[in-house]
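S.K.: Listed below are the residues making up each chain.
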Amino acid sequence: MRIMTKSKCLQYSTVLKERNMPVINELKELMLDIGVEESIVNEVGPEQILAGHVMDSVHYTAFIVAIEERYDIRVTDRYALKLRTLNDFNNYISPGLK
Amino acid sequence: MLKTSVSNSALELLTGNPGLHPDKIAYICADKALSFRDLNKGCRRFAHLLQKQGIVPQERVLIALPDCLAFPVVFLGCLLTGGVAVAVSPALSEEELAHIIDDCGACILVTLRKPAVPRSAISDKIKVIIYDDQGRVEVSNNSKELDTPYQPSVDDIAYMLYSSGSTGRPKGVPHLHKSLLLPCDLVGKALLEIRSGDIIFSTSKFSFAYGLINSLAFPLRFGATAILHPGKPDPLAVLDIINRHGPSIFFSVPDIYTQILLTCTERELKFPMRLCCSAGEALPAPLFEEWQRLTGLEILDGIGSTEMAYHFISNVPGRAIAGSAGQLVPGYRARLVDDDGINIPAGREGNLLVGGPTRTPFYWNLPELSAETFLPDGFVKTGDIFVERDGFYYYRGRCDDMIKSGACWVSPFTVEDALARHPAVAECAVAAITIGTFNRPGAFIVLTPGTKQTPTLGQELRRHILALLPDYMCPVRIRFIAELPRTSTGKIKRFKLREQFAHYDEE
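Residue numbers (our numbering), protein chains in the order written: chain A, 1 to 98; chain B, 1 to 507.
Source of the hints: derived by calculation from the structure; they are not laboratory data. Note that CB positions come from ideal geometry on N, CA and C, so glycine has one too. Careful, some of the hints might be misleading.
Computed beta-carbon distance windows for the label pairs [stated by the list, open to error]:
1) A:Ser39 to B:Pro317: 56 to 62 Å
2) A:Pro46 to B:Phe495: 37 to 43 Å
3) A:His53 to B:Val56: 48 to 54 Å
To be clear about the criterion: a stretch of chain A counts as covered by chain B if any three or more of its residues have a C-beta under 8 Å from a C-beta of chain B, and this derived list gives those stretches [unchecked claim]:
4) 28-36
5) 48-56
6) 59-65
Generate coordinates for the entire structure from the input sequences, incorporating the hints supplied.
M.R.: Here it is, written out as structure tokens:
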């Protein structure tokens with residue numbers, strides 16, 4: 001299930017266009033927001049495994065919550081087990097932005 | 001009248017395995033190992049040291065040690081003298097440690113120099129025995145061994161663990177000697193078929209009922225070997241231990257299984273385990289299925305409690321069902337009842353009552369709570385809501401406000417007290433929330449007049465909590481609301497909050 005309200009989607013797409021900012025960078029901003037250290041966030045590549053390497057389970061759950069609230073989507077139990085990298089999150093979020 | 005005597009469980013575990021080779025390794029911790037012979041010797045030496053310190057039977061010895069080679073030596077050494085071993089996490093806060101020392105009336109504290117327990121929590125009355133990081137006692141080069149182990153009577157307490165209470169204050173859960181031995185027969189032998197060739201690795205620590213039986217009782221009862229990990233069980237450390245030591249039985253919790261899956265990129269995972277077991281909180285069906293898809297192994301979920309010493313409901317190898325805690329362990333009894341205590345038919349939700357031979361006799365120093373929880377017919381109120389179908393039990397939630405986060409109990413009051421210390425918080429309430437397959441606390445907050453809800457306020461509040469409480473207690477979702485839902489008597493309607501989190505998830 002991936003749900004994004006229309007108003008939120010339009011609002012978010014506008015933000016992206018205005019800033020010309022890829023979703024990956026937005027996700028990195030969210031990582032900073034939830035308290036992951038800046039030096040770690042700067043080093044994270046799009047294919048790097050997040051759990052254990054970059055975020056512990058507390059950060060990981062806070063990250064999913066931040067994504068759900070920012071993009072107005074719900075990450076289901078089944079999908080949450082497959083979202084390992086920033087690219088995974090990007091692929092999960094992006095269809096709702098088109 | 002003379003009381004019936006029973007076996008000393010420590011003696012049974014140390015010497016009761018007739019086929020045991022004394023030079024076999026009982027414990028491995030990092031690059032150190034302890035043979036069964038040295039363990040036996042170490043326990044008897046430590047018991048002698050305790051006797052020299054003046055311990056008498058049934059006096060409490062507080063053990064604040066990580067999972068290291070010293071732990072089984074100290075715990076079993078204490079039981080050999082008739083002392084009550086009180087095992088707690090060395091990471092307790094000053095307030096919790098002071099409460100436990102006061103509550104259990106410990107006369108001796110055993111701990112490591114590093115990590116040090118908060119010294120300010122320790123009164124002058126308590127003697128402190130320090131183990132160094134090599135597992136040696138610093139206060140004495142004692143080489144004498146205890147001659148005659150204590151012969152306990154049938155109602156003597158062997159050990160005590162502390163479990164989080166609904167008020168946030170840990171409550172003491174004492175156990176008789178049989179509680180260390182019976183889970184070996186009822187679960188270890190009958191269900192898991194543990195044998196001397198097994199290598200056991202439990203990410204749950206000795207200070208938890210689950211970890212104590214996994215890492216202390218099982219390896220010694222069956223002459224197997226256990227791997228100890230003193231640090232936090234982060235997924236990379238756990239994977240490293242699995243790769244280096246090749247455990248055949250892995251005991252863990254859903255949180256760790258999820259994190260292991262999230263760290264892996266391969267299409268399939270090859271693990272050496274013959275059994276993977278889970279407890280501490282309900283194992284979500286998607287996690288069971290994804291683990292099985294990637295590893296080819298089923299996860300045997302089970303439910304136990306500190307009050308019952310170990311599992312009373314468990315899946316069995318080869319017949320595990322995704323999303324179910326399993327079937328009643330032979331030797332235990334269970335009933336599902338409504339709020340009036342009337343039995344509920346199969347297929348309907350009810351409060352789980354359980355009875356069995358490893359039940360704690362009472363909560364320490366809490367007669368009213370004991371009378372409320374332990375029923376005259378021998379059943380215990382678990383506080384869990386289950387449904388039973390075809391003999392399999394399915395978890396449906398809690399009938400109180402307690403939250404299971406990362407397999408640890410969290411009282412909402414503890415988190416609310418900490419949140420309320422922030423100047424932006426006028427009122428708050430905490431309830432359980434599910435994120436993916438993780439259970440965590442979530443918070444509803446009413447801001448103080450004049451405080452603006454800024455985008456960074458949630459993060460600031462989370463930082464505030466992390467400075468006061470362990471990370472698993474930190475709310476992952478914070479919702480700002482105008483007022484909290486309350487009953488006519490002013491009590492917070494927590495079920496409404498849980499519904500609001502659930503409603504948000506379903507939007």
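S.K.: Are any of the numbered hints broken by this structure? If so, which, sorted upward?
M.R.: 1
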